[in-house]
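According to the working numbering, the sequence shown is numbered sequentially starting from 1263.
Misleading hints may appear alongside valid ones.
Cross-link-like lysine-lysine pairs, in silico, DSS-like; alpha carbons within 27 Å at most [unchecked claim]: (1) K1368 x K1438; (2) K1368 x K1347; (3) K1368 x K1341; (4) K1438 x K1423; (5) K1368 x K1421.
Pairwise CB distance ranges (calculated) [unchecked claim]: (6) V1322 x A1395: 12 to 22 Å; (7) P1381 x E1430: 18 to 28 Å; (8) E1447 x T1411: 17 to 27 Å; (9) K1438 x N1293: 30 to 40 Å; (10) A1395 x P1325: 30 to 40 Å; (11) K1341 x E1430: 33 to 43 Å; (12) S1402 x N1302: 12 to 22 Å.
Keep in mind that the hints were calculated from the coordinates and are not lab data.
Backbone N, C-alpha and C define an ideal beta-carbon position, used for all residues, glycine too.
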Amino acid sequence: MKKIFVVLLLLSFLILACSGVPPESVKAICNRDYAPAVFNAISNAKNSIYIVMYSGGYYVDHPEGMNRRIYRALAAARKRGVEVKVILDASDWNPGNTEKNRELEKYLEANGIPVWWDPPDVTTHSKCIIVDAYTVIVGSTNWTYYALTYNNEANVLIKSKPLAEQFESYFQDILKVSTDTLNIEYKE
């Protein structure tokens, strides 16, 4: 009886230990560490890159900004056969953000990267990148010149297949209610 109890106890501990698989690595990427980490993740992607982004921008006044470097890396990933999908926020109350995102959409689509728009009456404030169903980057940084160059921002880079699966599911849930055409009427 005692042996059975010990075996059941050990089995219980084993099941509990396996139920929450810890990530391979977690790294804080704050302020100016964010863009190089994103650039590196995109540049090393082999299969897929899924992005949900509240605010991007394609600034003609800053052609060498870190956001442009990230966009070029996405275009290069697409050209080497990586599946790249982007969901951007379309806001019926914030036309300035939607217009910045529209400029980004033009660049991405010109480079073969499909863009979807969330419903205009929902603010998708997420900033999330999932690479190769394994690497997740999530935090506060928008893909604007100013966020990447000047702002204080906090993010984490996590390597974890189970977590990446959860974020891919989150991405797919937003994608289901998004459209590939921006059709918006702004609130007064």
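Would you list, in rising numerical order, the hints stated earlier that this structure does not obey? When the structure is compared with the hints, numbers 5, 6, 8, 11 turn out to be violated.
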